[in-house]
Structure formats: structure tokens, C-alpha cells
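Participant: Residue numbers (the working numbering): 3 to 175.
I should point out that these hints are in silico values taken from the structure, not numbers from a laboratory. Ideal Cβ positions, reconstructed from N, Cα and C, are used throughout, including at glycine. Watch out, some of these pointers could steer you wrong.
[To be verified] If you anchor each label on the Cβ, the simulated ranges turn out as follows:
no.	residue 1	residue 2	range
1	Leu-9	Glu-75	16 to 26 Å
2	Trp-14	Asp-157	16 to 26 Å
3	His-40	Asp-157	47 to 57 Å
[Unchecked claim] The list that follows gives simulated cross-link-like pairs (lysine to any residue, SDA-like), each with its CA atoms no further than 20 Å apart:
no.	residue 1	residue 2
4	Lys-22	Gly-149
5	Lys-56	Pro-85
6	Lys-56	Gly-77
7	Lys-22	Pro-150
8	Lys-27	Lys-56
9	Lys-56	Pro-76
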Amino acid sequence: KPSPRMLGLQFWLNLSQARKMVPPKYRDITAAGLPVVHEPGAVIRIIAGDYKGKTGTVMPDHTPARLIDLRLEPGATWEWRLPPDDTAFIYILAGSVYAAGEPEEHGSHQALLFGEGDGLRLQAGATGALLVAVCGTHLREPVAWGGPIVMNTDDELRQAFQELEDGTFISRE
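Work the whole structure out from these sequences, hints included.
Facilitator: Listed below in C-alpha cells is the structure:
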């Protein structure tokens, strides 16, 4: 059930096959400790990685990634140029955006994927927008996905589900 006073996300970062089974880490992040960048019509809080010379509270341990909280005023335009090998997505928490001048308006609880080298160019809808933007280097590995588990092969996925059933998946020994 949504809370009128709090909004939060849980974010899991897929790791390369060589690092996929490292012990997990949990980081509790609050808005108070995040670096902020103000741009015309936009407030950007850097959660992970870097943005325009500021470094976020979190630096991912095993793969480079950037995660920002973005608030756009109504009609504001925002651009984020990405490194050529990065892919990105946004998740719209509230309000709406238009992507790269497209006529379709994308609203709350929608995600948009941006390919390598595309960069992000967004324009907020009539009520503005609250979203997260995430980018990272494409792993170029196969993906086998089932529910909450992401592995590289169907065999690894079956093994992970067996370990989950046995209570041995991601043990912290």
C-alpha cells in the first residue's frame, strides 16, 4: 500500500557471470545524504556513480553504474549524454515524460529503455515528473531470468531455484 509520506525503491544490479555469486550488500540510502545538482527546470540527486562532476553516495563494487533521482518541472527538458557502451533506462514514479521528442506521453509506473550511445532526452509532461534514471556498461552476456533471479544460463537458473528451495541460495558464510 502506498504511503503518503514516503516513497522508496529497491534496486538490484545484475553482475557479470564471474561476479554473480559474490555476497550481497544492502545499502540504506536517504535523500539527506545525496549530492544535488540544480539545472533549469530540474533537480538531480546522485545516488550512485557520478553526474556532472559530483559523485553519489554509493559506488557500485563490481560493475560501473549510475543511478540518479530526477525531478522535472512541468514542460522542462533534460538531457543526459551517456558513454558509448552504456545502456540506460528510466522508471517514472509520478507525472509523465516524452522521450527524445516522440509524440507518445509515458506516465507513472512505466519504464523506458535507451540503447547504447542513445543518451537520454526527456521533456516533462504538464504536471512535471519524478523518475529514476539508471545507466551502466552493457555486460554482453546471456541472460536467463526467472522471477527475482537473474543468471546467465537456464541451468544456472534451475540450480539457483533449487538452492532457494534448499535454503542455501546466497548463503552468508
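Participant: It remains to establish, for every hint, whether it holds in the given structure.
Facilitator: We went through each hint and held it up to the structure:
1. Distance hint for Leu-9 and Glu-75: a CB-CB separation of about 18 Å, consistent with the stated range 16 to 26 Å.
2. The hint said 16 to 26 Å for the Cβ distance between Trp-14 and Asp-157, and at roughly 21 Å that hint holds.
3. Between His-40 and Asp-157, the C-beta spacing of about 49 Å keeps the proposed range 47 to 57 Å intact.
4. For the hint pairing Lys-22 with Gly-149, the CA-to-CA distance comes to about 16 Å; that is within 20 Å, so the pair holds.
5. Annotation: proposed proximity of Lys-56 to Pro-85 holds, straight-line Cα distance about 16 Å (limit 20 Å).
6. For the suggested pair Lys-56 and Gly-77, the alpha carbons sit about 25 Å apart, so the restraint of at most 20 Å is broken.
7. Annotation: proposed proximity of Lys-22 to Pro-150 holds, straight-line Cα distance about 14 Å (limit 20 Å).
8. At most 20 Å may separate the alpha-carbon atoms for a hinted pair to count; Lys-27 and Lys-56 exceed this at roughly 23 Å.
9. Proposed proximity of Lys-56 and Pro-76 is contradicted: the alpha carbons are some 25 Å apart, above 20 Å.
Checked against the numbered hints above, the structure breaks hints 6, 8, 9 and satisfies the rest.
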